[in-house]
Amino acid sequence: MIRVLVSPDAIDSAGEMAALETDGGAVATFTGLVRADDGVSVLELEHYPGATEAALVRLAEAARVRWGLSAATIVHRVGPMRPGERIVFVGTASAHRAAALEACAFLIDRLKTDAPFWKRETVGDATRWVEARAHDDAAAQRWRD
Amino acid sequence: MIRVLVSPDAIDSAGEMAALETDGGAVATFTGLVRADDGVSVLELEHYPGATEAALVRLAEAARVRWGLSAATIVHRVGPMRPGERIVFVGTASAHRAAALEACAFLIDRLKTDAPFWKRETVGDATRWVEARAHDDAAAQRWRD
Amino acid sequence: MKILYFAWVRERVGVAEEDVTPPSGVDTVAALVDWLATRSDGHAAAFAERDKLRAAVDQAFVALDSPIAGAREVAIFPPVTGG
Amino acid sequence: MKILYFAWVRERVGVAEEDVTPPSGVDTVAALVDWLATRSDGHAAAFAERDKLRAAVDQAFVALDSPIAGAREVAIFPPVTGG
Numbered sequence: 001m002i003r004v005l006v007s008p009d010a011i012d013s014a015g016e017m018a019a020l021e022t023d024g025g026a027v028a029t030f031t032g033l034v035r036a037d038d039g040v041s042v043l044e045l046e047h048y049p050g051a052t053e054a055a056l057v058r059l060a061e062a063a064r065v066r067w068g069l070s071a072a073t074i075v076h077r078v079g080p081m082r083p084g085e086r087i088v089f090v091g092t093a094s095a096h097r098a099a100a101l102e103a104c105a106f107l108i109d110r111l112k113t114d115a116p117f118w119k120r121e122t123v124g125d126a127t128r129w130v131e132a133r134a135h136d137d138a139a140a141q142r143w144r145d
Numbered sequence: 001m002i003r004v005l006v007s008p009d010a011i012d013s014a015g016e017m018a019a020l021e022t023d024g025g026a027v028a029t030f031t032g033l034v035r036a037d038d039g040v041s042v043l044e045l046e047h048y049p050g051a052t053e054a055a056l057v058r059l060a061e062a063a064r065v066r067w068g069l070s071a072a073t074i075v076h077r078v079g080p081m082r083p084g085e086r087i088v089f090v091g092t093a094s095a096h097r098a099a100a101l102e103a104c105a106f107l108i109d110r111l112k113t114d115a116p117f118w119k120r121e122t123v124g125d126a127t128r129w130v131e132a133r134a135h136d137d138a139a140a141q142r143w144r145d
Numbered sequence: 001m002k003i004l005y006f007a008w009v010r011e012r013v014g015v016a017e018e019d020v021t022p023p024s025g026v027d028t029v030a031a032l033v034d035w036l037a038t039r040s041d042g043h044a045a046a047f048a049e050r051d052k053l054r055a056a057v058d059q060a061f062v063a064l065d066s067p068i069a070g071a072r073e074v075a076i077f078p079p080v081t082g083g
Numbered sequence: 001m002k003i004l005y006f007a008w009v010r011e012r013v014g015v016a017e018e019d020v021t022p023p024s025g026v027d028t029v030a031a032l033v034d035w036l037a038t039r040s041d042g043h044a045a046a047f048a049e050r051d052k053l054r055a056a057v058d059q060a061f062v063a064l065d066s067p068i069a070g071a072r073e074v075a076i077f078p079p080v081t082g083g
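Chains as they are written, first to last, in the working numbering: chain E, 1 to 145; chain C, 1 to 145; chain W, 1 to 83; chain B, 1 to 83.
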């Protein structure tokens, strides 16, 4: 079962995690939070409606097939958010722990490079668009065949 | 912050996950569930009181140091439990996603070989002690230096 | 043809989307960007650094030298930074 | 010296723990197991397959050839199967 949600609402990670506990085995999750330690007061996420959701569904489906998952969930918040709030939740379910863990890592690495999202930070009175980082590309690259 | 709990109570994975969201960055979790697909009606976990908790604290502390975690949690249920119920929860928090994900995988692999727990399954009228599996040793081994 | 802009490309162009009819010689994303850059100072500023631009044609990520024949929607944006 | 048993070792021995005073020649875990095996048929059954036994001395995992001099608590059990 694939679940993808892109929404300005707060992410219900507990509910998403519980929903993955369907038929036993293993559930792995990753939650990304707005970092509170670098002076950012507001983080804003922009996306490409329709194309972003489609990219996330493709990613989740690729993981489901590659690792034989029973379920995969990607929830990504958009719009303005504050330090400590959840930006992204990824969850995977499988009969086997290694499959759940690897697929979870795959999804978070790949969604950073393969899905159209853009971050803008506010620090003090200044706002700036976050630049893509080479090590995100490297992290995503390790999953290529 | 290290948190270790060995208890016969149901595992509050949502509460444990939320408690890891302290200072932003990344939270990774793994939940192991009693599998419902192999005819087991009851799974019972025995442990070595004191020694088990100490082994888990050592593991969590090793992960904290190795990956620079801000927090690590291991909750392991003992006593009888039923299919679909949570056996184990592992959670890690870090400023960096790779650290959280790798440390989470390390903890679940290593606790299978390094902490004294024993599983007994009931299938129909028969109960049997689960035998250790070579691939658990192999999974734990990949983390050795 | 509908053109969509995101992030700082959108801000510099000044609009989130526009409908355009490029001349027939404009047959790749790169050629489209060259042509769009002539529309205003904002467009020119948005497209000044070509190596910082990425594109999608009909919602599929493509290289800038990809053809646009038959495309209904072309999006131009900076490298993505989600997750 | 307190001896603890877990899982099927405990079931075969018939008790979860016992206090024993091994003779002075019993100086390793393996020698202790040999000596304990003489205490009852249950002990003998529990310790029949040495390669399936693991041990801890004062709550630290050890190999069966490890010394037990000064140990206060020795645990004998099957390979662990948690997680």
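Don't read these hints as lab results, they were simulated from the structure.
For glycine and all other residues, C-beta sits at the position ideal for the given N, C-alpha and C.
Just to be clear, a hint being listed does not mean it is correct.
Pairwise CB distance ranges, derived in the manner of DEER restraints [said to hold, decoys possible]:
| # | chain 1 | residue 1 | chain 2 | residue 2 | range |
| --- | --- | --- | --- | --- | --- |
| 1 | C | G79 | B | A60 | 21 to 31 angstroms |
| 2 | W | D27 | E | D125 | 38 to 48 angstroms |
| 3 | W | G25 | C | D23 | 47 to 57 angstroms |
| 4 | W | G25 | C | T22 | 49 to 59 angstroms |
| 5 | E | A126 | W | V20 | 30 to 40 angstroms |
| 6 | E | A19 | B | E49 | 38 to 48 angstroms |
| 7 | E | H96 | B | W35 | 53 to 63 angstroms |
| 8 | E | R142 | C | E85 | 45 to 55 angstroms |
| 9 | E | D125 | C | A36 | 35 to 45 angstroms |
| 10 | W | V20 | E | P8 | 23 to 33 angstroms |
| 11 | W | V20 | C | A138 | 20 to 30 angstroms |
| 12 | E | D38 | B | R50 | 56 to 66 angstroms |
| 13 | C | W143 | B | R50 | 20 to 30 angstroms |
Hints, verified against the model:
1. G79/C x A60/B: 21 to 31 angstroms: Roughly 25 angstroms apart at Cβ, these two residues keep to the hinted range, so it holds.
2. D27/W x D125/E: 38 to 48 angstroms: Holds: the Cβ-Cβ distance is about 44 angstroms, inside 38 to 48 angstroms.
3. G25/W x D23/C: 47 to 57 angstroms: holds (55 angstroms)
4. G25/W x T22/C: 49 to 59 angstroms: holds (58 angstroms)
5. A126/E x V20/W: 30 to 40 angstroms: Hint holds: Cβ distance 33 angstroms, inside 30 to 40 angstroms.
6. A19/E x E49/B: 38 to 48 angstroms: holds (44 angstroms)
7. H96/E x W35/B: 53 to 63 angstroms: For W35/B against H96/E, whose Cβ atoms are near 43 angstroms apart, the range 53 to 63 angstroms is violated.
8. R142/E x E85/C: 45 to 55 angstroms: violated (35 angstroms)
9. D125/E x A36/C: 35 to 45 angstroms: For D125/E and A36/C the Cβ distance comes to about 56 angstroms; the hint is violated.
10. V20/W x P8/E: 23 to 33 angstroms: Once the Cβ atoms are compared, 30 angstroms apart, the range 23 to 33 angstroms for P8/E and V20/W holds.
11. V20/W x A138/C: 20 to 30 angstroms: violated (59 angstroms)
12. D38/E x R50/B: 56 to 66 angstroms: holds (57 angstroms)
13. W143/C x R50/B: 20 to 30 angstroms: holds (28 angstroms)
Comparing the model with each numbered hint stated earlier shows that hints 7, 8, 9, 11 do not hold.
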